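Asker: Just so you know, we're using numbering that gives the first Met the number 0 here: the sequence shown kicks off at 0 and counts up by one.
Careful: at least some of the hints might be erroneous.
To be verified - What follows is a set of in silico ranges between Cβ atoms, one per label pair, in the way DEER data are often shown: (1) 101 x 0: 16 to 26 Å; (2) 72 x 41: 50 to 60 Å; (3) 120 x 55: 21 to 31 Å; (4) 59 x 102: 37 to 47 Å; (5) 41 x 113: 15 to 25 Å; (6) 81 x 4: 21 to 31 Å; (7) 41 x 3: 23 to 33 Å; (8) 67 x 98: 43 to 53 Å; (9) 1 x 25: 32 to 42 Å; (10) 95 x 63: 30 to 40 Å.
In case anyone wonders, no lab produced these hints; they're calculated from the structure.
Remember, predicted model here, so these are calculated numbers, not experimental data.
The C-beta atom is built at its ideal place from N, Cα and C for all residues, glycine as well.
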Amino acid sequence: MLSSIILWVHLLCMIGAFGGLLAGRLTLSTNDSTSHRSVLKPVNVMLAIGLAAGLLSYFLKINAAGASGEELTGHVHMIVGIKFMILLGAAACCGIATGLTRKERGSAAGRLQWVACGLLAIAAYLGVSL
Numbered sequence: 000m001l002s003s004i005i006l007w008v009h010l011l012c013m014i015g016a017f018g019g020l021l022a023g024r025l026t027l028s029t030n031d032s033t034s035h036r037s038v039l040k041p042v043n044v045m046l047a048i049g050l051a052a053g054l055l056s057y058f059l060k061i062n063a064a065g066a067s068g069e070e071l072t073g074h075v076h077m078i079v080g081i082k083f084m085i086l087l088g089a090a091a092c093c094g095i096a097t098g099l100t101r102k103e104r105g106s107a108a109g110r111l112q113w114v115a116c117g118l119l120a121i122a123a124y125l126g127v128s129l
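Using the sequences and the accompanying hints, generate a full structural model.
Answerer: Listed below in structure tokens is the structure:
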């Protein structure tokens, strides 16, 4: 029961982060740095919560498999490791983009937001294979 709730928290945070980035990029002008910061702050929070919930879900899955005597395949560990690195990259892109909007460099921040959207899409595609 707890692992299902944590998995849903992970999914909802990642969907919210992707949607927030996409909506922010498609609707805001590149010159409005205040609006970009107001969009990026909740996205950063959702990424952090989603990353923590995903790792907790993974550790709960490992404990449940160990308690039942079965072993998780190498595929699961590999996909989770790759997703972890990709999501850290997306969080870094969002953090750097937030800093760039403070320096009034909207075009560079916009490119990093597109990179973060792409990384989140790749991580979602890998998550489907689990």
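Asker: When the structure is checked against the list of hints, which entries are broken? Sort them ascending.
Answerer: As far as the earlier hints go, 1, 2 are violated by this structure, in ascending order.
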